[in-house]
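Asks: The chain contents come next:
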Amino acid sequence: DAGVIQSPRHEVTEMGQEVTLRCKPISGHNSLFWYRQTMMRGLELLIYFNNNVPIDDSGMPEDRFSAKMPNASFSTLKIQPSEPRDSAVYFCASSPGLAGVMNTGELFFGEGSRLTVL
Amino acid sequence: SQQGEEDPQALSIQEGENATMNCSYKTSINNLQWYRQNSGRGLVHLILIRSNEREKHSGRLRVTLDTSKKSSSLLITASRAADTASYFCATDVLSGGYNKLIFGAGTRLAVHP
Chain A
1190 DAGVIQSPRH
1200 EVTEMGQEVT
1210 LRCKPISGHN
1220 SLFWYRQTMM
1230 RGLELLIYFN
1240 NNVPIDDSGM
1250 PEDRFSAKMP
1260 NASFSTLKIQ
1270 PSEPRDSAVY
1280 FCASSPGLAG
1290 VMNTGELFFG
1300 EGSRLTVL
Chain B
20 SQQGEEDPQA
30 LSIQEGENAT
40 MNCSYKTSIN
50 NLQWYRQNSG
60 RGLVHLILIR
70 SNEREKHSGR
80 LRVTLDTSKK
90 SSSLLITASR
100 AADTASYFCA
110 TDVLSGGYNK
120 LIFGAGTRLA
130 VHP
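If you're matching them up, the sequences are chains A and B in order.
Residue numbers are given in my numbering: position 42 of the first sequence equals residue 1231, and the series is strictly consecutive.
Residue numbers are given in my numbering: position 107 of the second sequence equals residue 126, and the series is strictly consecutive.
Bound conformation, chain A alone:
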């Protein structure tokens, strides 16, 4: 079975440009998570969805970041405008259970999208 699929794997862009990262979760999973990984801050939870509905976006750093999940098989994380401090690896993960309202089970991670903002 296919795992969590993220695209692009690598993105290099210039400051001020819009960046869109994409994620296809594992079919049948009810929860989807976006994490950001940097050397300085480690893995940070940005936002998660249950059944396509955003539950907790308290980790989204600022209004430049937005995330959507229009259907059960697709989610996007958008940064507009991008800044050099947004450079990081962005991970999408999915889980069979309902996040937030019950104990968090195993997360299945994608391979990540490495973003470099010049």
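Take these hints with a grain of salt, some might be off.
Stated by the list, open to error - SDA-like mimics (lysine to any residue), calculated; alpha carbons at most 20 Å apart, straight line:
(1) B/K75 to A/N1292
(2) A/K1213 to B/R60
(3) A/K1267 to A/I1194
(4) B/K45 to A/N1292
(5) B/K89 to B/S43
(6) B/K75 to A/E1295
(7) B/K45 to A/E1233
(8) A/K1213 to B/H64
Rather than coming from a laboratory, the hints here were simulated on the basis of the structure.
None of the values given here were measured: they were computed from a predicted structure.
Use these hints to put chain B onto chain A, whose structure you have.
Replies: Relative to chain A, chain B alone:
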């Protein structure tokens, strides 16, 4: 500050030796999970231990949990070069009204042939 902190930050051992990594956390947890990350790859789930469990095994992995000390350890026995990776503990905690999985900073393990 992060919920979970791993110790040591880096560990270098020879093949065949055992590797022990520790994780300390600050608040009550629902469960604690360990993940592995190979360089340039995504995280892979290794094992989950619930707050009412004290020890769990999976193959060459042994995880312990001491809720009174708010700590956990991951033991990899008979290590192999292929075990070289970063290992993260993640605590499932109630924060802001929701359960969340919060990751520590990780331990970088190098196993030399």
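Asks: With reference to the structure, classify each hint as holding or not holding.
Replies: Hints versus structure:
About 18 Å separates the Cα atoms of B/K75 and A/N1292, which keeps this hinted pair within 20 Å; it holds. Of the pairs offered as hints, the one joining A/K1213 and B/R60 holds, with about 17 Å between alpha carbons and a cut-off of 20 Å not exceeded. Between A/K1267 and A/I1194 the CA atoms are separated by roughly 17 Å; this keeps the pair inside 20 Å, and the hint holds. Taken as a hint, the B/K45 and A/N1292 pair is honoured in the structure, with Cα atoms around 18 Å apart against an allowance of 20 Å.
Simply put, B/K89 and B/S43 have alpha-carbon atoms about 6 Å apart, close enough for the 20 Å limit, and the pair holds. Distance hint between B/K75 and A/E1295 is fulfilled; the C-alpha atoms sit about 15 Å from each other, no more than 20 Å. A distance of roughly 17 Å separates the Cα atoms of B/K45 and A/E1233; the hinted pair therefore holds under the 20 Å criterion. At roughly 19 Å between alpha-carbon atoms, A/K1213 and B/H64 fall within 20 Å of each other, so this suggested pair holds.
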